[in-house]
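J.: In case you want the letters, here they are:
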Amino acid sequence: MRVAILFMLFASCGSVEVYAAPCTGAETQLAQVSHQLTLNSPEAAENSLRALSLSYPDCPEIILQRARLAQVKGDANQAAELYYRYTDGDPDDSRGLAYFGRFFLEQRDYMRADALSAAAVQKNAVDPVALSLRAQILVMKGQPHEAQELLEKAIQIDPDEPEAQFQLGEIYDKAKLSPKAVSYFQKVVALNPRDARAWDYLALNLEPLGDLDGAEEAYQRGLRVDQPGKYYDAFLEYNYGRFLAKRNRLSASKRHLDTAVALTPQIRAVWYERARLDMRMGNYQQAQADAEKAAACTQQGGIIDLQIYSLLSQVYARLGNTVLAKKYMDLTRETPPPVRTESR
Amino acid sequence: MNHATGRKGVETLLSAALMVLLLRSTSVWAAESDHIQFENRQPRSGVDFVLDNGTLPDKPMIDGIPGGVALLDYDGDGYLDIFFTNGAHLPDLVKHEGKFSNRLYRNNHDGTFMDVTDRAGVSGEGYSVGAAAADYDNDGHTDLYVTGFNRNFLYHNNGNGTFSDVTERARVSGTFTTGKKLWGISAAWLDYDSDGKLDLFVTNYLDWSFATSKVCGAPGKRLSCSPTLYKGQPNILYHNNGDGTFSDVSESMGIAQHIGKGMGVAVADYNGDGWMDIFVANDNDRNFLFRNRGGKGFDEVAAESFVAYTDNGVPVSGMGVDFRDWDNHGQPSLIVTALGGETFPLLHNEGNGFFSDDSYKAGIGFSSFRMSGWGTGIQDLDNDGYKDLFTANSHVSENADIEGQQRYRQPNAVFRNMHDGSFRDVTSDSGSAMQVRAAHRGCAFGDLNNDGKIDVVVSAIGGPAELLYNTTAGDRHWILIRTVGTKSNRDGIGTRVRIVGASGFVQYNHVTTAGSYASSNDPRVHFGLGADAAIQEIELRWPSGTVQVLHNVRADQILTVTEE
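Here the protein sequences come in this chain order: A and B.
With this note's numbering, letter number 116 in the first sequence gets 104, and the count goes up by one each step, no holes.
Heads up: take any position in the second sequence, counting from 1, add 11, and you land on this note's numbering.
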């Protein structure tokens, strides 16, 4: 009991992962497993956990890491069961609550994720894992400034917490503050070169700064590590395809946009972008097909109706279909332009 | 080897080395001559104009948009003079202090200018924005139209160094048929019906007033509000009646039905039918292309021509515009300046009624994405026969820097035409004057010192204007053509000029003072001729329909051509 209380006190005072007696001696290996899971290396983590389970059968931390492993491997039922077991055993461990909350977030169970993230921070206001999750929830709730505070606190405690770095980068990306976003995404990819999302964001933010070679390299490195899992980025092919079109490398752009439409055919933006490329390449029939697909998509991906009408009017005009061209031209005139932010 | 032979050998070697050195020197010189260079000679020019926008802490919409410049030869001495528009005290919109006066500077032909505002009587009233110069009454003297928020003026040039305010008599006060004074920005003189008299087109911006003004951004760091918060206004077309009066034909000619947020205006015959068409850059709204229906009316065809939006199907914060043929294919194309994060649309005229947005294809997409532009011009700045691009840059919001991404004060930019449909941003190589960050606004293009190179005068909020003399090295040839209409309007505005250089190289341009942002350019048509020291043929298609051809014309001169 005393040990447990001491552990609680310790845990609430810092971010260092400190384990209870059944785990004594396994700290280094457990930290390694945690790192492997953060880096999305389930095989290595699984091997380590298997060995640890034999040596430390009563170590509850192993349950938590197994839950994370199951989550990484996509076994949601097992992950949920293990998270419940862990948090039932240690309901005050902020990390357990935070990882469980992140699991719910991935499952799109936002209510539970919200509740667990709040509880995690309440248990330990200096746990970077808890702070990162809570910040992510706050961003989703439209509270970016509060989120930013938590994230800055998290990386002050642990500068190597990649999730906090990533989320700060995302906040600056949304605010169109590319120089700051770049600095955070650079840190993320340094900590975890297998984070394809971060490479994508890094490239997207290097573009407006005019560092085109840097953006190119970031896109390519992202594509090399873009594997299914937590760090998978379904839009990397799309973004790189767009970038290549802007650099007038149309054939290469086409290859990546072809992949993009195969990966995310439900998203309007990918069809739209390929249709624009088709237009540039003079392939108006294909442009028509892609533009019509874009028009039929319900998930806009940032492409508004006005853009679709404008594109379709051009496609049909190029094809000599004056009736449909006129129909869409009229729609472009009738559709009000997007209302941008209040100030500029 | 005997001594003599040896010595000869050494001399040969030395000669060869010297030749290599000379060749190298030549190539270095040639490379340097490729660099478009500007030098700001304002400090020793006597031009002490400072654009004052009368800004207030809440940063009302009006304080971001002034700054028109006109280059006009008001005294007929063959040298361009400079007129600047200025703001007014806010919120009362009155020029009750001298610092808000519009200013006219007479060119002394030696690089200096004299302030003749008071004598000329063009100090103005109200919050002025734009200027457009041309001889509207065909009396041989260049007149001046000034747009503004609460007052527009038509100044008739009396031919004796003075102007008379004839606004009311001429009925061009910028007031809509409802009696409401519209917010005038840019103006263009054109003879839309080719009747030999110049008509007047005026762009109007927003339905804004201090009473309806919104406040954006945090206290102490206010930002300019988006124009999407306000309704737009119709543009105005005035028909010149030839008796000193004009008629508002905006509705009957198909202009007023199109409500936009008009900023820049440029005029060209984009479809080669002999009638001048009008392009209006709208701010955060679709642009307008008014296709001239044989002088009988206009059809708004921006959507049909693919110039209403960027190729991404959205409007930009359209500011300035120019409409000229940059790839010598005989059809004028467009550049539109916009705000940071948007790119400057470069709309290439395909010659089939369609335009294509070539911003990225032509290589200015990534560069211009980081710029906010106002005045702009498609001008051959290095006399190589290909027109280059110039943009006067600054963000609209004085507090834009607070957010970190945008910069209020920005250097102007120059993009060199690479002869293959692409442009290269050569700003960093174009001299220290082009590295100066300022709140640039309007700019006007013309040859201030008649040396055959296009200079640029740029206004800047809160700072001295910039007199950017073109000091590009090299001995490339050029010609400036001054048109004098007889059947056509006296300025020859609307005349399309085609030249064939001695080498057979063909170029196109046309006579206009419109273009840029709220500004008015040299009416003389400029061509860079590269190595061609002579011109085989100059063909002028006057608005009257007269086609006049000149043969074997010497380069490097200012040629006056009177309509036959």
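To be clear, the hints were calculated from the coordinates, so they are not data collected in a lab.
All C-beta atoms, glycine included, are put in the ideal place defined by N, C-alpha and C.
Where hints are given, some of them may not hold.
[To be verified] Straight line, CA to CA, 20 Å or less: simulated PhoX-like cross-link-like pairs of lysine-lysine: (1) A/K164 - B/K232; (2) A/K242 - A/K218; (3) A/K141 - A/K111; (4) A/K168 - A/K141; (5) A/K162 - A/K61; (6) B/K192 - A/K242; (7) A/K234 - B/K242; (8) B/K192 - B/K242; (9) A/K111 - A/K162.
[Stated by the list, open to error] Across the chosen pairs, the derived CB separations fall in these ranges: (10) A/L307 - B/A484: 28 to 38 Å; (11) A/A277 - B/V61: 19 to 29 Å; (12) A/L312 - B/G122: 10 to 20 Å; (13) A/K314 - B/E575: 51 to 61 Å; (14) A/Q208 - B/T571: 58 to 68 Å; (15) A/H133 - B/T173: 51 to 61 Å; (16) A/Q254 - B/G364: 30 to 40 Å; (17) A/L307 - B/G132: 57 to 67 Å; (18) A/R237 - B/G364: 48 to 58 Å; (19) B/R435 - A/K61: 31 to 41 Å; (20) A/L312 - B/G432: 28 to 38 Å; (21) B/D103 - A/Q208: 38 to 48 Å; (22) B/S514 - A/Q254: 55 to 65 Å; (23) B/G364 - A/A277: 20 to 30 Å.
[What the hints assert, rightly or not] Some chain B residues flagged as far from chain A (calculated, every beta-carbon gap over 10 Å): (24) H100; (25) D176; (26) G324; (27) N563.
J.: What are the numbers of the hints the structure violates, in ascending order?
T.: 2, 5, 6, 7, 9, 10, 11, 12, 13, 18, 19, 21, 26
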